[in-house]
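Trainee: Residue strings, one per chain:
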Amino acid sequence: MKKSVFLGALTVAGLAAGAAAAGTLDDVKARGKLNCGVTTGLVGFAAPDANGTWDGFDVGICRAVAAAVLGDPTAVEFVPTTGKTRFTALASGEIDVLARNTTWTFSRDVDLKFDFVGVNYYDGQGFMVPKALGVSSAKDLDGATVCIQTGTTTELNLADFFRSNNISYEPVPIETNAEAQQQYLAGACDVYTTDASGLAATRATFEDPAAHIVLPEIISKEPLGPLVRHGDNEWGDVVRWALNALIAAEELGITSANIAELSAGTNNPEINRILGTEGTLGEMLGLSPDWAKNAIMAGGNYGELFEKNIGASTPIGLSRGLNAQWTDGGLLYTPPFR
Amino acid sequence: MSDIAFVRTEILPQKAPPVAATGFIGWARENLFSGWFNSILTVLSLAVIFSVLSSILPWVFSPTWNGTSLANCREILTAAGSVGEHGTTGACWGVIRERWLQLMFGFYPSELYWRPILTFVMLFVALGPILFTDFVPSKLIWFSGLFPFIAAWLLWGGSIWNPLVALAGFAIGFGVFRYASTALGALAAIILAALVPILWWVFLAGPVASGLSSVIPLELETVQSRNFGGFMLSITIGVTAIICSLPLGIILALGRQSDLLIVKSLCVGFIEFIRGVPLITLLFVASTLLNIFMPPGTNFDIILRVLIMVTLFAAAYMAEVIRGGLAALPKGQYEGADSLGLDYWQAQRLVIMPQALKISIPGIVSTFIGVFKDTTLVSIIALLDPLGLSNAIRADANWNGIVWELYGFIALLFFVFCFSMSRYSMYLERKLTTDHH
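Protein chains in written order, with the working numbering: chain A, 0 to 337; chain B, 1429 to 1865.
Watch out, some of these pointers could steer you wrong.
Said to hold, decoys possible - Pair ranges (Cβ atoms, derived):
1. A/ASP159 with B/LEU1694: 50 to 60 Å
2. B/PRO1445 with A/GLU206: 55 to 65 Å
3. A/SER136 with B/GLU1700: 53 to 63 Å
What the hints assert, rightly or not - Under 10 Å between C-beta atoms, here's a sample of chain A residues computed to sit facing chain B:
4. LEU41
5. PHE44
6. GLY51
7. GLY55
8. LYS83
9. THR87
10. SER91
11. GLU93
12. ASN308
13. THR313
14. PRO314
Derived by calculation from the structure, the hints in this document are not laboratory data.
Glycine included, C-beta positions come from ideal geometry on N, C-alpha and C.
All chains should be modelled from the sequences, with the hints used to inform the complete structure.
Mentor: Okay, structure coming up:
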């Protein structure tokens, strides 16, 4: 008797929990704040300034989603996560969306029960060497000492690359990027390998960046994107299309500068649909008609976010490369808004 | 008359000792150059010290206090001419100027900085009657008892009724104990005194507090735990763990020596389990596992979870340190206390503990210092303590690449705290010394 009461209570609790977890969109609206998981600090992607305000490329996605849902790009609670805590934070509901330069892989999507809603940065693992080493291709690195972060996929990629090219290397295990910088500059290793965006950021801090080159080989695919919990498709759609709106805005020439003018109505029906002057796209998502307008106004379209945080005009100075629009030879290709 | 040719009739004034035996020269001769071997050692040591300082000091005294970014610091250094073969040589202190408040308070709202500062000052007032019994009026101990509640209210804000209602739980427990110990006997009284306040906190405290605050709203602006960071976070965790672990440790140590089988096995099990797992494992349990066990939407404060874990961890170590003190006491002390007709708690309070704790002081303070430094581990579960913040600061494109300046500053502050604790323990040992000379 007692046992059945206990089990019944458990069931009720489970149902209540299930019901509470079912509508992230409603939860966020009721809370008035978006809980967004970011890194504890990665140059260009997420970092707090001296006043504790977060800024960066991943942060821009969080702000766009908050603006789309709540109409306010500052209605975000940034939850710093480490590589070890990020997935539990998302799975347990502590955060609504994780925008933390997380690579979209099969096992994370399928086994860990998450949904990657898209890709906001196509990264890949590269190599940096001092120019004085006289190496122009990663295939010349036979016998080199390599600084490598332990316990990451970069370590496995490196082993695969060197084995398939039948050359040898000597790993110098390091824990953090800061440590890698020190070791590499001190000459403890000939080569530093990590994601190409990280290499660029590291190289930018050197006194003489020109004395170091990033080799042309990219040995892995690292599509980084925001992710949400599996099974809440309404919420997944919101985040997916907020990201797509930023990408489409660049393609269609909607910028934070001309958006006010364009939202008065244009001859381009797709722009009108995105900005909510035509059609009912916002209503279909359960959002206000100007959801995409708010998202774009939060930090600009994809290209503006890129330029402001990691683009050629910043110290990091990344070129668009794979992250250009498909019309410019890149991989950004959003499905149509219709 | 007498064949003594000369008699001195007054004492000569004392002469100053020879120059070579006094002052600096005398001291140096005695301590540094008292033989050829020691002289060589002295010269070698001086050479080492000079070479270390001559490479560190120019780096430390670098005119970059107003630097706005790493690149800007390098320009300043180049303009000042401190350029070595590997580029500019000198620290970039601009990062400390811009971020020291952040390293102190994390993301705590800057207009509310007075609250943690006031709490910190009051911490010393509260510690006064405990640490410096000679100089501070003992009546202040009442303030020490209230301080945890005041501190929690100041740091987190919210309604004043929350800490008051929590405090009422202790008063209720005490009242129940008083009443029940006469009516029902000691054991039942202890059990009731533990149970009733817990029931109060779990079921009644929340509604009562919200009811009272709707009648008399008296509130400070609430600050989320997420905004805690920097040294404020380290000190909050460290001080709480230190203060709570000592009484817990004493109870565990006594429990471990108890003759009651259940009490003893519970204490031994707890101590051995906690000491058998690393602190970082407990922190992961606090930050990730608990999240999954609890139903979604439960808001069990992350800092509270960490506080509990660190306190339990410290208590297990503390228990063993105190057990060492207990073991060092001769059996005669226990028997002496018994022969005076003292009951168990009286014997512990008046005879055993004062001696056992005194013996354990160095071990206790070592554990305290260890706990305080262990608080930096929380950066691994994404709490922004000073080390976590140093990473976040480095993620700012302006300061990316700065390592030593940040770590140096953090190390300096940790040193100040740990060194003061260590000096205090030496003072306490001298004060409590009862050796017969």
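Trainee: Any hints this thing doesn't respect? Which numbers, in order?
Mentor: none
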